[in-house]
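Chains as they are written, first to last, in my numbering: chain A, 1 to 102; chain B, 1 to 130; chain C, 1 to 134.
If you're looking for bench data, these hints aren't it; they were derived computationally from the structure.
All the pointers check out, no bait thrown in.
Calculated lysine to aspartate or glutamate pairs in the EDC-like style (CA-CA distance at most 20 angstroms, straight line): (1) A:K14 x A:E48; (2) C:K5 x B:E121; (3) A:K49 x C:E83; (4) A:K25 x C:D123; (5) A:K25 x C:E129; (6) C:K5 x B:D123; (7) A:K25 x C:E120; (8) A:K14 x C:E86; (9) A:K14 x C:E83; (10) C:K4 x B:E117; (11) C:K77 x C:E34; (12) A:K25 x C:E83; (13) A:K25 x C:E127.
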Amino acid sequence: MAMLHIVNKSPFEKVSFRSCLNHAKAGDSILMIEDAAVGAIDGTSFSEKLKAAMADKTVYVLGGDLAARGLSEDRMIDGIKSVDYAGFVDLTVENETTQSWL
Amino acid sequence: MKFTIMVNEGPYQHQSADSALQFARAVLAQGHEIFRVFFYHDGVNNGTRLSVPPADDRLIQKEWSELSKEHDLDLVICIAAAQRRGIMDEAEAKRQGLDADNIIEGFRISGLGQLIEGGIEADRTVVFGD
Amino acid sequence: MATKKFMFVNRKAPYGTAYALESLEVVLISAAFEQDVSLAFIDDGVYQITKGQDTTGIGQKNFSNTYKALGDYEVNKLYVEKESLEERGLTQDDLMDLVWEDEDDDWAEKPSIIMVSRSEMADVMAEQEVTLSF
Numbered sequence: 001m002a003m004l005h006i007v008n009k010s011p012f013e014k015v016s017f018r019s020c021l022n023h024a025k026a027g028d029s030i031l032m033i034e035d036a037a038v039g040a041i042d043g044t045s046f047s048e049k050l051k052a053a054m055a056d057k058t059v060y061v062l063g064g065d066l067a068a069r070g071l072s073e074d075r076m077i078d079g080i081k082s083v084d085y086a087g088f089v090d091l092t093v094e095n096e097t098t099q100s101w102l
Numbered sequence: 001m002k003f004t005i006m007v008n009e010g011p012y013q014h015q016s017a018d019s020a021l022q023f024a025r026a027v028l029a030q031g032h033e034i035f036r037v038f039f040y041h042d043g044v045n046n047g048t049r050l051s052v053p054p055a056d057d058r059l060i061q062k063e064w065s066e067l068s069k070e071h072d073l074d075l076v077i078c079i080a081a082a083q084r085r086g087i088m089d090e091a092e093a094k095r096q097g098l099d100a101d102n103i104i105e106g107f108r109i110s111g112l113g114q115l116i117e118g119g120i121e122a123d124r125t126v127v128f129g130d
Numbered sequence: 001m002a003t004k005k006f007m008f009v010n011r012k013a014p015y016g017t018a019y020a021l022e023s024l025e026v027v028l029i030s031a032a033f034e035q036d037v038s039l040a041f042i043d044d045g046v047y048q049i050t051k052g053q054d055t056t057g058i059g060q061k062n063f064s065n066t067y068k069a070l071g072d073y074e075v076n077k078l079y080v081e082k083e084s085l086e087e088r089g090l091t092q093d094d095l096m097d098l099v100w101e102d103e104d105d106d107w108a109e110k111p112s113i114i115m116v117s118r119s120e121m122a123d124v125m126a127e128q129e130v131t132l133s134f
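This is chain A alone, in the form it adopts within the complex (with noise of 0.2 angstroms):
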């Protein structure tokens, strides 16, 4: 049973997003919104781990978020895919559950 996890934490404030990524496994897909988008750029003090993650989970990112934060989606890791509201509810019904990481 695939999962989707929903992280809404930035990664440079709270535990929550690294502990998705301990719990998460693999097939699985990780929706970031809200605060969670600062976490798809390149070159941060995270975005290696979640590369590492990215080897075998598929890693998403609500696109207005990451706009909303000043970020364009060049610079995001390469693989992350940007959804809108209607991608994150065909999330929601691609997997058979649904975990927020609040």
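Keeping the supplied structure of chain A fixed, place chains B and C upon it in accordance with the hints.
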């Protein structure tokens, strides 16, 4: 597909209140059904009709209220969390001997069982919070 | 009503915010609905079940005894992550002795706390149908 949405934060303080509203709209736009939206913790503050934000800001409570009217949504505020935070409907205010109620049209106050029932009945349960 | 596998994920310490207290209220209700209930204690959530909590200095009600009552409601799968304890300098000895009585085994008292590794916790999470986090 049937969704239950849980909202754990109040409007204006945390973006999750906005995210939940945007998500609910997208669920409906995609042709899915919302079985219930359950408001818990400070999320109960999404159901007051006494918010007066500056004119150029959004009025989240009213947006929920209108969405509810448009799509016949079941917006449920947890009674235990609401009592602590002073969100009252007319019947509850009367029962508690209070001089006013403040719930906005489209919301109702009920027990936590409504959340569990939502989890059981819906195909997907999505939580928004801090 | 159908039975589903519900998991309540606790990642926050008690008292600093209302999440622990109010999530406990949901857990008790879910038991009344006869659902297959599990609790996960990870990260700061492990502080919710430490023993010797004393709230006299902070003006809040000590609700830690409510965790002891969970067994009476047949909520007896409390998964605690070893790594989360270790990171915080804690061991299982720092936690309350939470038990339930097994009706099918002459009411024998059994531990409700199930110590799991991080990867075992991930397996338990993957089996759930409804995951509520606070």
